[in-house]
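Sequence lines, in order, name chains A and B. First residue of the first sequence: 4, per this note's numbering; consecutive thereafter. First residue of the second sequence: 9, per this note's numbering; consecutive thereafter.
For the record, the hints were derived by calculation from the structure and aren't laboratory data. A couple of the hints might just be wrong.
Cut-off 30 Å, straight-line C-alpha distance, at most; resulting in silico cross-link-like pairs (DSS-like, lysine-lysine) [to be verified]:
no., chain 1, residue 1, chain 2, residue 2
1, B, Lys17, A, Lys112
2, A, Lys112, B, Lys30
3, A, Lys112, B, Lys48
4, B, Lys27, B, Lys52
5, A, Lys52, B, Lys48
6, A, Lys109, B, Lys49
7, B, Lys52, A, Lys112
8, B, Lys27, A, Lys72
9, A, Lys109, B, Lys30
10, A, Lys71, B, Lys27
11, A, Lys109, B, Lys48
What follows is the residue order along each chain.
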Amino acid sequence: AQSVTQLGSHVSVSEGALVLLRCNYSSSVPPYLFWYVQYPNQGLQLLLKYTTGATLVKGINGFEAEFKKSETSFHLTKPSAHMSDAAEYFCAVSGKGGSEKLVFGKGTKLTVNP
Amino acid sequence: DTAVSQTPKYLVTQMGNDKSIKCEQNLGHDTMYWYKQDSKKFLKIMFSYNNKELIINETVPNRFSPKSPDKAHLNLHINSLELGDSAVYFCASQGTSRDTQYFGPGTRLTVL
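The following block holds chain B by itself, in its conformation from the complex (with noise of 0.2 Å):
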């Protein structure tokens, strides 16, 4: 069984489209995050959300909405694409808190 999964795996679409892209964890973790992955391979943190409660929010623009229905998921919903938006997102889960993040496999975003 996959820890922490992503769908889809690969994005591709054009500017101004409204896309989202999901993340489930089966590890009973009460923590997950979204970072994104720049075409040079910087990880940077987007948000963080603690039992369905938005803990982190790291300057993103408001085009990115996170939404947690549950402790198991949290969702990446983004408006109005732009070129700038094209990477890759992962989604990461944490048990305690300083634990280990296991990451997913990412979201590869292209926007055209």
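Chain A on its own, in the form it takes in the complex (with noise of 0.2 Å):
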């Protein structure tokens, strides 16, 4: 079985601030990792994925996550947040084992001041 945790379900950051949103995941087999964003009222779109080769994925927007197997994290980054990246993130799992559905964790909202 698969499974994600978001550690912190609100982060809070100064415009302008790094922004770090941690991810932690269980996987019995190589895992599909990613990162969704979710504007108000809106649906989920694709920040970045991490499938195989370079573990340190860069994706929209300047976000970026590096996939640490010996931590089981791939923690998302971006170096100077901006009032835009005000948004629920998420972070999924997908793997082999009879299916290639996405396990979510709960998500991280991230609210950005001026």
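Hey, can you piece these two chains together into the complex? The hints should help.
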């Protein structure tokens, strides 16, 4: 079985500050890992994903994440927060085991203060 | 062109009614999903279809019945709606195995 834990249901940063959203996963098979963003009253948009290869993954809007197998982590970072980054962020894992379903974490709401 | 579309966007109905939500994707994908997002924003998979065949059924009450008339469409029919069914329902589609899933805009269902 797979699971995702996102540490911190709410994260608040100042505009221009570093954004760090934490994600730890559990998977019995090599995972595929995803970060999705959900703006208010909208669907989910893929920010970035890790499948195989390079462990540092760059995504849209200046976000990146690093896959650390030894720590079972896939934390999301952005060097400088922008007001438009305020949204809900979801980490998700998929893998083999009979299905390719996405298992989501509970989400982290990012607030950016002026 | 919207890649994954859902109708309606909002659905308000009374307990006990039957309602349907429709999903269409124009990405040429073989696999489609239904997810439920509850009031705490938690997302959980409900169903998955691959080329019109049911692949995943995640212990969802049998009041929920997905139907896939063709691989571009996956509809969700809900019988005897209950208060606890109030949620946002997202459709998603996927090309090859373990590829990115593309999500629709969601349908906000409110059961009164």
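For this session: Would you pick out the hints that fail for this structure and give their numbers low to high?
Result: 8, 10
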